[in-house]
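S.K.: Sequence:
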Amino acid sequence: MKENYSNQEKIYDAEVLESSTLDENIIIKILIKAGRTIAKPALEVLEMAIDPYTPAQVRVSLMAALAYLIMPFDLFPDFMPLVGFSDDFVALTAVLSIWSKYMTPSIRARAENKLNKLFPFFK
Numbered sequence: 210m211k212e213n214y215s216n217q218e219k220i221y222d223a224e225v226l227e228s229s230t231l232d233e234n235i236i237i238k239i240l241i242k243a244g245r246t247i248a249k250p251a252l253e254v255l256e257m258a259i260d261p262y263t264p265a266q267v268r269v270s271l272m273a274a275l276a277y278l279i280m281p282f283d284l285f286p287d288f289m290p291l292v293g294f295s296d297d298f299v300a301l302t303a304v305l306s307i308w309s310k311y312m313t314p315s316i317r318a319r320a321e322n323k324l325n326k327l328f329p330f331f332k
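Straight run, no breaks: the sequence shown in this note's numbering ends on number 332.
I should point out that these hints are in silico values taken from the structure, not numbers from a laboratory.
What you were told as hints is all true, and nothing was included just to trick you.
When the alpha-carbon atoms are kept at most 25 angstroms apart in a straight line, the in silico SDA-like pairs for lysine to any residue are as follows:
#1 LYS238 to ALA273
#2 LYS242 to ARG317
#3 LYS326 to ARG245
#4 LYS242 to ILE279
#5 LYS323 to SER309
#6 LYS310 to VAL299
#7 LYS323 to ILE237
#8 LYS326 to ASP260
#9 LYS238 to GLY293
#10 LYS326 to SER295
#11 LYS323 to TYR277
#12 LYS242 to PHE328
Quick list of simulated restraints, FRET-style, between CB atoms:
#13 VAL299 to VAL269: 15 to 25 angstroms
#14 PRO314 to PHE282: 31 to 41 angstroms
#15 GLU233 to VAL269: 10 to 20 angstroms
Note that CB positions come from ideal geometry on N, CA and C, so glycine has one too.
Build out the structure end to end from the sequences listed, making use of the hints.
M.R.: Written as structure tokens, this is what we have:
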């Protein structure tokens, strides 16, 4: 018997993931708090996730890393001085390393532009 889903329940497929699915404002607020060192890989992950040429399976792992960034409870809670965002940094740089072959100059440029808008005095 096939399950029916109501209109309120939605199943999201990685193929239909678009920038409108992501709430960039939440990520931006966290990045301002975290600082430029965390913001750079996070924005690269974000831009790669919303790039239309990024394969679906890559997007899923990128979204998982971004979800880990915005989770209030993780290995080292973000409010802890010095180490709070270190686990987030590791997660972000790990997915960037794994999927580096999908990083394009245009993705990197879009991330850099956003980074410079967030932190205009720290280039």
